[in-house]
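Asks: Use the sequences and the hints to build the structure in full.
There are 2 protein chains.
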Amino acid sequence: MTVSNWHTYLVTDASLSEGRTTLEIVRAAIDGGVDAIQLREKGTDARFRYELGRELRELTAEAGVDLIVNDRVDIARAIDADGVHVGQSDLPVAAVRDLLDPDAVVGCSTSTLGEARQAEADGADYLGVGTIYGTTSKDVAAEKDGVGPERVADIVASVSIPVVGIGGITAANAGPVVEAGATGVAVISEITAATDPAAATAALAEAVETAKTVED
Amino acid sequence: MTVSNWHTYLVTDASLSEGRTTLEIVRAAIDGGVDAIQLREKGTDARFRYELGRELRELTAEAGVDLIVNDRVDIARAIDADGVHVGQSDLPVAAVRDLLDPDAVVGCSTSTLGEARQAEADGADYLGVGTIYGTTSKDVAAEKDGVGPERVADIVASVSIPVVGIGGITAANAGPVVEAGATGVAVISEITAATDPAAATAALAEAVETAKTVED
Numbered sequence: 000m001t002v003s004n005w006h007t008y009l010v011t012d013a014s015l016s017e018g019r020t021t022l023e024i025v026r027a028a029i030d031g032g033v034d035a036i037q038l039r040e041k042g043t044d045a046r047f048r049y050e051l052g053r054e055l056r057e058l059t060a061e062a063g064v065d066l067i068v069n070d071r072v073d074i075a076r077a078i079d080a081d082g083v084h085v086g087q088s089d090l091p092v093a094a095v096r097d098l099l100d101p102d103a104v105v106g107c108s109t110s111t112l113g114e115a116r117q118a119e120a121d122g123a124d125y126l127g128v129g130t131i132y133g134t135t136s137k138d139v140a141a142e143k144d145g146v147g148p149e150r151v152a153d154i155v156a157s158v159s160i161p162v163v164g165i166g167g168i169t170a171a172n173a174g175p176v177v178e179a180g181a182t183g184v185a186v187i188s189e190i191t192a193a194t195d196p197a198a199a200t201a202a203l204a205e206a207v208e209t210a211k212t213v214e215d
Numbered sequence: 000m001t002v003s004n005w006h007t008y009l010v011t012d013a014s015l016s017e018g019r020t021t022l023e024i025v026r027a028a029i030d031g032g033v034d035a036i037q038l039r040e041k042g043t044d045a046r047f048r049y050e051l052g053r054e055l056r057e058l059t060a061e062a063g064v065d066l067i068v069n070d071r072v073d074i075a076r077a078i079d080a081d082g083v084h085v086g087q088s089d090l091p092v093a094a095v096r097d098l099l100d101p102d103a104v105v106g107c108s109t110s111t112l113g114e115a116r117q118a119e120a121d122g123a124d125y126l127g128v129g130t131i132y133g134t135t136s137k138d139v140a141a142e143k144d145g146v147g148p149e150r151v152a153d154i155v156a157s158v159s160i161p162v163v164g165i166g167g168i169t170a171a172n173a174g175p176v177v178e179a180g181a182t183g184v185a186v187i188s189e190i191t192a193a194t195d196p197a198a199a200t201a202a203l204a205e206a207v208e209t210a211k212t213v214e215d
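Order-wise, the sequence lines are chains H and W. As numbered in numbering that gives the first Met the number 0, the first sequence has no gaps in its residue numbers, which increase by one up to the final residue, 215. As numbered in numbering that gives the first Met the number 0, the second sequence has no gaps in its residue numbers, which increase by one up to the final residue, 215.
What the hints contain is simulated information worked out from the structure, not anything from laboratory work. Keep in mind the model is a prediction, meaning the values are calculated, not measured. Built from N, CA and C at the ideal position, the CB exists for glycine as well. This list has only true hints and no planted wrong ones.
Facing chain H, a subset of chain W residues (Cβ under 8 Å, in silico):
{"hint": "1", "residue": "Asp70"}
{"hint": "2", "residue": "Asp73"}
{"hint": "3", "residue": "Asp89"}
Computed far set for chain H versus chain W, every beta-carbon distance over 12 Å:
{"hint": "4", "residue": "Gly18"}
{"hint": "5", "residue": "Arg19"}
{"hint": "6", "residue": "Glu57"}
{"hint": "7", "residue": "Asp144"}
{"hint": "8", "residue": "Ala201"}
Short derived list, chain W residues pointing at chain H, Cβ under 8 Å:
{"hint": "9", "residue": "Asp44"}
{"hint": "10", "residue": "Ala45"}
{"hint": "11", "residue": "Arg71"}
{"hint": "12", "residue": "Arg76"}
{"hint": "13", "residue": "Ser88"}
{"hint": "14", "residue": "Leu90"}
{"hint": "15", "residue": "Leu98"}
Replies: This is the structure in structure tokens:
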């Protein structure tokens, strides 16, 4: 488990996949070099996520890609996922930590410095920070709707766990997020809604790599 | 843990409580002699159910009342509940069984003989059978919208685990469900929407007792 090596992280949402299955999108993302997958699929029932999760576990294990489950520790355990990601209205990080084996990964969505410090203190292994650029638009001009890369820099400066930026991130605007200190970037639509999800993943990975070179 | 002694079983739903909190309703139900509480509160987030669940655990433990969590094994474990109840679109019974300690109770909602047999084979400790009388009406005339007490009799005859009837059950129509072989009855609105939830619970308990006397 190398959270600090996550450059590209796909959060699944079949409702944005233009008719393709989540399995197809994830397979393409793996082809494009994705590092981690988060099974989210908000609004679907637990049985659906359990069945899908078992298929994703098979795919990701084969590819050496980490699989994280959103919100539900029980589904994560049942499908032998690598960890759980919670938001501020899900189970508290400390409770999630208690329910998982010590080597499981716990991630937490945070948008403020206070939330970030609390999540780290409670045992989170990484933070999802955002919304970076706002979720309804894909261009940098929408930055005012999000917390911006500056928030990533602030949080990175005050916690010692890896930070992944999320929200409105594309290959074109990923650079500043990584330059601000993020380990990588998490996306939904940039990969899920892309005509060629594998190419979109590769482009995103390249943008992260390029920014890391600049950073070094 | 004595599932076979559950006569009255309250499923929580704050949206039907006429402005009272779930904690108030549960406290009253305990005063009225309820045997088991199921934390459901569909549509609320996990954090809410976790916080509420911890309060319910304190109340129920003190009163010697069983506490079951709907759908989520993780919340059940985090609040040290006595078990989990799943429906047909939740995690499969076998997966839930695997995630819980051996002495935890697993219940499953079933409406057909096939589902009931499957749930028992997968390790369920009890079945919630229904909808008995339909959920929109409270009178026996609505029986045609539900599976009726006959379905309870059919299922009781073919499984060896306790059966609780659910759906449209009131003190006035609980009798036939128990006479059909149900251990007890589960309700939402009969207690939750009652002007006096404690009295409603006591009346329901009395109806079950009376039917059991007839049955013996």
